[in-house]
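A.B. asks: Sequence order for the protein chains is A and B.
Taking our numbering, the leading residue of the first sequence gets 720, the next gets one more, and so forth.
Taking our numbering, the leading residue of the second sequence gets 21, the next gets one more, and so forth.
Rather than coming from a laboratory, the hints here were simulated on the basis of the structure.
As the structure is a computational prediction, the values presented were derived from the model and not from experiment.
Hints may be right or wrong, so weigh each one.
Stated by the list, open to error - Computed far set for chain B versus chain A, every beta-carbon distance over 10 Å:
#1 Arg343
#2 Thr364
#3 Ala413
#4 Lys414
#5 Leu482
What the hints assert, rightly or not - Pairs of lysine to any residue residues, derived as SDA-like cross-links and limited to a Cα-Cα distance of at most 20 Å, are as follows:
#6 Lys990/A to Asn389/B
#7 Lys1112/A to Gly1177/A
#8 Lys38/B to Pro122/B
#9 Lys852/A to Ile359/B
#10 Lys414/B to Pro262/B
#11 Lys798/A to Ile359/B
#12 Lys405/B to Val1005/A
#13 Lys1181/A to Ala1155/A
#14 Lys990/A to Ser386/B
#15 Lys798/A to Ala134/B
#16 Lys1115/A to Ile1140/A
#17 Lys429/B to Glu373/B
#18 Lys798/A to Tyr390/B
#19 Lys1008/A to Thr259/B
#20 Lys741/A to Ala134/B
#21 Lys1008/A to Pro262/B
#22 Lys798/A to Glu391/B
#23 Lys81/B to Pro122/B
#24 Lys368/B to Pro807/A
#25 Lys852/A to His735/A
#26 Lys741/A to Asp724/A
#27 Lys941/A to Glu879/A
#28 Lys852/A to Phe380/B
#29 Lys399/B to Val1005/A
#30 Lys798/A to Lys399/B
#31 Lys852/A to Ser386/B
Said to hold, decoys possible - Pairwise CB distance ranges, derived in the manner of DEER restraints:
#32 Leu379/B to Lys990/A: 41 to 49 Å
#33 Pro1011/A to Lys265/B: 31 to 39 Å
#34 Glu883/A to Asp360/B: 36 to 44 Å
#35 Asp360/B to Gln897/A: 41 to 49 Å
Just so you know, even glycine gets a beta-carbon here, dropped at the ideal spot from N, CA and C.
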Amino acid sequence: MSYQDKYEMVCGVETHVELATKTKIFCACTTEFGGEQNTHVCPVCLGLPGALPVLNREVVNLAIKAGLALNCEIAEFTKFDRKNYFYPDLSKNYQTSQYDLPICKNGRLEIEINGESKSIGITRAHMEEDAGKLVHSGESITTSDSSYVDYNRAGVPLLEIVSEPDMRTVDEVIAYLQELVQILDYAGVSDCKMEQGSVRFDVNVSLRPLGSRELGTRTEIKNLNSFAAVRRCLEYETERQAKVLNKGEKVIQETRTWDDSQGVTLSLRTKEEAHDYRYFPEADLVPLKIDPEWVERIRATLPELPAAKRERLKELGLSGYEAGVLTSSKAMADYFDRVMQNYADAKVVANWIMGDLSALLKANNRSFEDCPIKPYQLADMLKLIKKGDISGKIAKTVLEEIYTGGKDPAVIVKEKGLVQIRDQDALEKIIAEVLAQNPKSVADYQGGKEKAFGFLVGQVMKATQGKANPELVNKILKEKLQIAY
Amino acid sequence: MKTIRKSLAELHTLLVNKEISSVELTGEYLDHISEFEPKIRAFITVTAEKALAQAKKIDQKIAQGESIGPLAGIPMALKDNLCTEEIVTTCASQMLREFIPPYNATVTSRLEAAGAVLAGKLNMDEFAMGSTTESSAFFLTANPWDLSRVPGGSSGGSAASVAAGEVAYSLGSDTGGSIRQPAAFCGVVGLKPTYGVVSRYGLAAFASSLDQVGPLTRTVRDNALVLNAIAGYDVLDSTSVPFNKPDYTQFLENNVKGLKIGVPKEFFEHGLKSEIAELIKQALKTYEQLGAEIEECSLPHMQYALPAYFVISTAECSSNLARYDGVSYGYRAEAEEVIDMCETTRAKAFGPEVKRRMLFGTYALSSGNYEAYYVKAQKVRTLIKQDFAQALAKYHVLLSPTTPTVAYKIGEISEPVACYMGDVYTIPVNLAGLPAISIPAGFVDNMPVGLQLIGNYFAEGLLYRAAYAFEQNTGYYQEIPALLREAD
Ligand SMILES: [Zn+2]
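Kindly produce the complete structure, drawing on both the sequences and the hints.
C.D. replies: In structure tokens, the structure reads:
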């Protein structure tokens, strides 16, 4: 029995996304990923005595941009606050964050679920700094004699985006997260590199009896770092809560953690043990006034967002599925647009990008972000197919050649002699030879075995290394086979 | 000793006329420090070697005919909560006993750029929390006017070193009176600038919204010269203000004709010693004779200043001092678990006054208390600002005693609250972010008394003018502690 037979899930998500700035939020240290431990640090992000924060304006620009992309109101007056708690990866033992006056609030985004559109509310989005990272001498914190702190990440700018508890199924949660990450990726707000931890999710989940309008007691599961983890975690946690409720017991309001290897959530601390963060205004920074012109300046830089792009692709004649795949990453969608600038047949371009090119990239562990085949090169190749200079089959070879050698398709076709044979006389000669070498097949065909024709076409292609124009081959073959041998 | 207790202008003239070299001058001061430190104990660290190296550089400049600034080649010292690159900066705490900052405070860099010679780092109350320098984790500093008395605090070392002639001037920090009160107790001139005039970058924070760095000097002119060097916008401090910095010495005019002085009656309550009240009345008479207009006025919300200050300063301190946990720098008590390490480190390395304030601040910020304490204190702060704004719309400056008493006997103040009460006239100024200066105004029981002038935002120039006229017409600054006279 599934929890869904008796209960409805209510879920909201807090998403922490790393903003794509070159330097940290309050100092000039680089945000670059990797780097030897404690090399991207300075007195400010190390929290040395007397060091003071200076706000990176680019962080504000990106936060405004994210807010606009998520249909939020942008605050005219916003400020930073200190969130006080002791943890060794937090150099000052307080996190500079935003409490009661976040930069963005009251937004929403649309998800599509079973063909229907649903609006998910965005409560707020606020700027804050990331903490450092604990490095344990052993396998895990429990098995280690000692731990070290790497402050390279301390002070990396984050945007925390808090959703309303509007999601009712795990699929809705995943659809929300995918859409959110896609929007942030499109807007250029974040690199959204999940594998580098640049996006993290905290989910708040509760159950209530079907038909009830009251909210049940929720638990919060912190620090999930992939869609798959969110899905598995929610599937586990809803069943766990259902079991508790079915026994007539109460769900305890608490913070839990997801153990990915065991596939379970574990209690971290209960409501009574919750931190009192003692928020108060950050006096080392001055409040920020954001005038409407600033917001408009940022709005002007906002690119087309995924929903609008999907609509546009559908108008070009693509299916909903194709539009969805092509817009799944900004890099892929941009690639599509750029090929279309030089070869405006959406169906053909979509087929090549989603098919052969995606497969080629996947096989080489690359993405559209660093695709070695330039969009104009793909367009040029498609033009060669259309002109009849190369066949679709040859084109696959050409694509691989562009990929490995970087040369333009016309050059490859010429150098490798891949131009289609459309010379009637030349083809007639080759076909005559093929027929002479395969009398049995000729006889079969003339005896009524249609299959033999395909074999003969194959032989001609083999003899021409695939370069023969297929239509011409068909035509000549048929003509020749009419003549009795 | 021909150079000790000379003004900056006199020392500068000696240097440019090559009557003395900076190395010789620095040597004289270092000798003076060696002679008097056993009695005064103003210094936590004396940086003799570095001082002589810097002096040598200035001498080379002079030898090459380069022009030098008014502070170049002259020895000074810094309160030990101002970061100095490669020089231990302790905040007078066991927590930072061996802490060597990898960077300079902005004021340190600016003085260095002005050619100043750093003679050392000065004792203070631990993390600037206290009014007597008795909360220093290391040792007591004595008042040069009476070695059995405290120099005041928290910038006690800064005031005592200047009064004893160990340096030509010093820098202190003022959160609730920590420059002005020791200046008053030691008979020197101390300025707390407008919040935002001097960068706080590299000042180990006590209370971010109240802290301000300022100069302690023998004379008003010296004070203006030092402020010239350290004031001004700093990109590293978001709360520093971009403003047109004047040459503060241009205001030093012996003329207060038409100056309107308001005398807030609330600043003559709270246990003001009658002899001090008498001296302040004499000072008002002096101003009147010089052509200033005196009028009594009222700042009705001053009675709430002390509790509001206590809540705001301790709240900020509880968060500012959270970073001292033994993890990446400073003192560490070893323990099995990280949380024990952090707790033991803090339990062992912080003194009782610091702990008391952090406890109170944590309490005031805790959920359930926040509205009743922190939010209410901020409202009081707004009212106090409004009181001052109204008064300063009517008067050019406000005048009051700096402190209700003269310097306490060492050990006399054991009650923390009594200690805070001593700052009752200085604290409101920090809450409002205004500039104020304490200047010598006479003696009670052979101990110096300070007079406080409070001005409008960025009106340091006007304060200097008012202070200068009084100084030139009274001459209290020429008095010398008996200790120094005996030495001559
Ligand atoms: Zn940094």
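A.B. asks: It remains to establish, for every hint, whether it holds in the given structure.
C.D. replies: Hint-by-hint comparison with the structure:
| no. | hint | in the structure |
| --- | --- | --- |
| 1 | Arg343 | violated (5 Å) |
| 2 | Thr364 | holds (13 Å) |
| 3 | Ala413 | holds (25 Å) |
| 4 | Lys414 | holds (29 Å) |
| 5 | Leu482 | holds (26 Å) |
| 6 | Lys990/A to Asn389/B | holds (19 Å) |
| 7 | Lys1112/A to Gly1177/A | holds (13 Å) |
| 8 | Lys38/B to Pro122/B | violated (35 Å) |
| 9 | Lys852/A to Ile359/B | holds (17 Å) |
| 10 | Lys414/B to Pro262/B | violated (26 Å) |
| 11 | Lys798/A to Ile359/B | violated (31 Å) |
| 12 | Lys405/B to Val1005/A | holds (18 Å) |
| 13 | Lys1181/A to Ala1155/A | holds (15 Å) |
| 14 | Lys990/A to Ser386/B | holds (16 Å) |
| 15 | Lys798/A to Ala134/B | violated (36 Å) |
| 16 | Lys1115/A to Ile1140/A | holds (17 Å) |
| 17 | Lys429/B to Glu373/B | holds (19 Å) |
| 18 | Lys798/A to Tyr390/B | holds (18 Å) |
| 19 | Lys1008/A to Thr259/B | holds (15 Å) |
| 20 | Lys741/A to Ala134/B | violated (35 Å) |
| 21 | Lys1008/A to Pro262/B | holds (17 Å) |
| 22 | Lys798/A to Glu391/B | holds (18 Å) |
| 23 | Lys81/B to Pro122/B | violated (27 Å) |
| 24 | Lys368/B to Pro807/A | holds (18 Å) |
| 25 | Lys852/A to His735/A | holds (16 Å) |
| 26 | Lys741/A to Asp724/A | violated (49 Å) |
| 27 | Lys941/A to Glu879/A | holds (13 Å) |
| 28 | Lys852/A to Phe380/B | violated (31 Å) |
| 29 | Lys399/B to Val1005/A | holds (18 Å) |
| 30 | Lys798/A to Lys399/B | holds (18 Å) |
| 31 | Lys852/A to Ser386/B | violated (27 Å) |
| 32 | Leu379/B to Lys990/A: 41 to 49 Å | violated (25 Å) |
| 33 | Pro1011/A to Lys265/B: 31 to 39 Å | holds (33 Å) |
| 34 | Glu883/A to Asp360/B: 36 to 44 Å | holds (41 Å) |
| 35 | Asp360/B to Gln897/A: 41 to 49 Å | holds (44 Å) |
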